[in-house]
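Peer 1: Next come the chains, spelled out residue by residue.
Protein chains: 2
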Amino acid sequence: MSGRANESEMMSDQRRYRPPEQIRWAEAGDAIIVLDQTELPARRVEKELRTVEAVEEAIQSLRVRGAPLIGITAAMGIAALARRAVLEAEAAGGTLSIDDLAERLRAWCDRLEQARPTAVNLVWAIDRMRRAAALTAAGSTGGTIASAAALAEGLRAEAGDILEEDRMMCRRIGEHAAALLRDGSSVITHCNAGALATGGIGTALAPVYVATEQGKKISVYADETRPLLQGSRITAWELAEAGVEVTVIADNMAGALFATDPPDIAFVGSDRIAANGDVANKIGTYGLAVLAHHHGVPFYVLAPTSTVDLHTASGDQIPIEQRSADEIRQGFGRLTAPAQAPVWSPAFDVTPNELVTGIVTEQGVHRAPYVESLREAVAAAERDRAERGRS
Amino acid sequence: MSGRANESEMMSDQRRYRPPEQIRWAEAGDAIIVLDQTELPARRVEKELRTVEAVEEAIQSLRVRGAPLIGITAAMGIAALARRAVLEAEAAGGTLSIDDLAERLRAWCDRLEQARPTAVNLVWAIDRMRRAAALTAAGSTGGTIASAAALAEGLRAEAGDILEEDRMMCRRIGEHAAALLRDGSSVITHCNAGALATGGIGTALAPVYVATEQGKKISVYADETRPLLQGSRITAWELAEAGVEVTVIADNMAGALFATDPPDIAFVGSDRIAANGDVANKIGTYGLAVLAHHHGVPFYVLAPTSTVDLHTASGDQIPIEQRSADEIRQGFGRLTAPAQAPVWSPAFDVTPNELVTGIVTEQGVHRAPYVESLREAVAAAERDRAERGRS
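Here the protein sequences line up with chains A and B, keeping their order.
Just so we're aligned, residue -14 is where the first sequence starts under my numbering, counting upward by one.
Just so we're aligned, residue -14 is where the second sequence starts under my numbering, counting upward by one.
These are calculated hints, taken from the structure and not from any lab test.
Hints are not guaranteed to be accurate.
Between beta-carbon pairs, the in silico distance windows are [as the list claims (entries may be wrong)]:
#, chain 1, residue 1, chain 2, residue 2, range
1, B, ASP311, A, ARG167, 54 to 62 Å
2, A, ARG167, B, GLN45, 45 to 53 Å
3, A, ASP301, B, PRO283, 21 to 29 Å
4, A, ASP246, B, ASP249, 27 to 35 Å
5, A, ARG370, B, ASP301, 49 to 57 Å
Cβ atoms here follow ideal geometry from the backbone N, Cα and C, with glycine treated the same way.
Please put together the full structure from these sequences, using the hints given.
Peer 2: Below is the structure:
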């Protein structure tokens, strides 16, 4: 990965957008420091995570959120815990046995895997850490493990790769989609598929940052996004921090906006894309797509190829989680509906492919028929991974 | 009015829905008692209003809301203040001079007229009270005013008529539109155009109550209605109180609902209807209309003919008020967007007539072309009023 990372660095210039540090290593590499997103937008607070309990709590209580960032947090957290175990043993004047570390590693992985069972990236990232541990073992001199320290090093390298790959994926999505924006373009987005959902510059917001770097003046309308308000709390915050002009609207104001001063384009993220291009994303995305269609505004979905699920033929096969009624009835700390009122609160909705103008992945901009273009994108991504594996 | 009221009473049966007492006279007629809507849905609290300051405060702080109910509150409030002034003078062993009462009356009317300057019904109701005072004076024996007590009586009769006319108007809208519902129908509505916005059984919700009286099983989806949540706070409360099945959704969930389990019909109220049938209503109504159109679900607007403004040719001539940014940024008592984030927050939007399946007034169900059908409805309402004036 490092060769590619350097290549990407070479393209950088003075204007390159640096996202708020969502996550980083503590100085000794024995802890991770995350931006506590539950404190946004009121305060910018960092939290150092030194124990598996702390990493778990940060994921469960949404201090870190967004599928890619959750996976990165688990991976970096595990690597830091391994480093801390090695250092603590050294400080006590001894050395950590490799068996001890492997044992602890299994427990950490098993525990963090359960932190949010629906986030597929979490399991994926933890599986990579498990495989990396096995590879480090097999690759060490003489076929035996040199030391717990070497295992911890291997884990740190793998977590670093996961983070770096995510950063590159975000940037490539941003570069492909920035071509859809001109100087002066206005964008509408829903929820947060920005830097704070990833390790990089986001997915749906990535082209906004890249186009801004290119000198284009871009403005964004951020849907508030009930019930959890990720649009007003997080998207508006990260865009304002980056100096991008952002205007917050309640979800139900998008219609009036399209009717009176329509945005030029809609960019949203995705939680799962079916093989036919039907897109599951945060509740409210479908209503936005219908409005965009009604007003002839292009509607794009931006997500890594890992979001494309070729085993799901169409959107009606995507299971939709129901959220707690109290997020609607008393989501703001006081009762805003009768305490016993029935609530229908799906976490996601499905936008049918005919309302999707294009899907942008790190492989490019894909158009209908999506059955073909998405299959090709996924194949290209697999070829890329195989190449990286050989390099 | 009393003849018509009795006629309407004769149609009543055991099942007739009785709205929560939005407003009523105190026993001595010298105060009014309102249901404090700011306490809903957490608590059902009544508030007795004995002074002009209290009536003004109740209107300004939305303890009573909804254009018809605001007008009724002002009218009944003025009548009660007059009665109280007469009783207080009597209790002090004297009599109130007619000039004194007329003077106070002018001050009350001028003050309450300013309580919410945009609510057209407020000015309309107060004008009726002023005219009634003048008529009482002219009609008294010998061309001079018999007494302050007689003037107070005249005001009470006029306020009673305003309330009774509103009740009848609601019921007639409900009866016309109930024919659009069958046993088992599901309705989606936005904001609150129910009993708690009027003196009667509401406008958009009136057919739900009438159809329920007719033995039809009706269920309702209530949009939460950001920013002020009248849908979840008030519509859900009044429907649940009436025993009507109601489910709350966040505004951005309507799309998923239409896609997965579409309601049979949409009923909304209106703040102003242009001569061509374009409809201004609470922000979010237009988005709902686009969804209904996209899914082939009939979309009806229910409002009295007094809402039809034949002097406004089309919706683009309706001025749209911008609400405070903090209703979005910290509407729930804590910061849910960056404190300085620009917000675009129109109070209303305009639904073009081509998305409106029908407009229901107390005169019937009106269809396109609305330029003709609405003109006829307004003319019929004027004939009705003239007839009542003669009777």
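Peer 1: Mind checking the hinted window 27 to 35 Å against the Cβ distance between ASP246 of chain A and ASP249 of chain B?
Peer 2: Check passed, 33 Å falls within 27 to 35 Å.
Peer 1: Using the C-beta atoms of ASP311 of chain B and ARG167 of chain A, is the stated range 54 to 62 Å upheld?
Peer 2: Check failed, 34 Å falls outside 54 to 62 Å.
Peer 1: Just to be sure I understand the hint, the distance between the Cβ atoms of ARG370 of chain A and ASP301 of chain B should be within 49 to 57 Å; is that true here?
Peer 2: holds (54 Å)
Peer 1: Between the beta carbons of ARG167 of chain A and GLN45 of chain B, is the distance compatible with 45 to 53 Å?
Peer 2: holds (47 Å)
Peer 1: Would you say the C-beta atoms of ASP301 of chain A and PRO283 of chain B sit inside 21 to 29 Å of each other?
Peer 2: holds (25 Å)
In summary, the structure is inconsistent with hint 1 from the numbered list given earlier, while agreeing with all the others.
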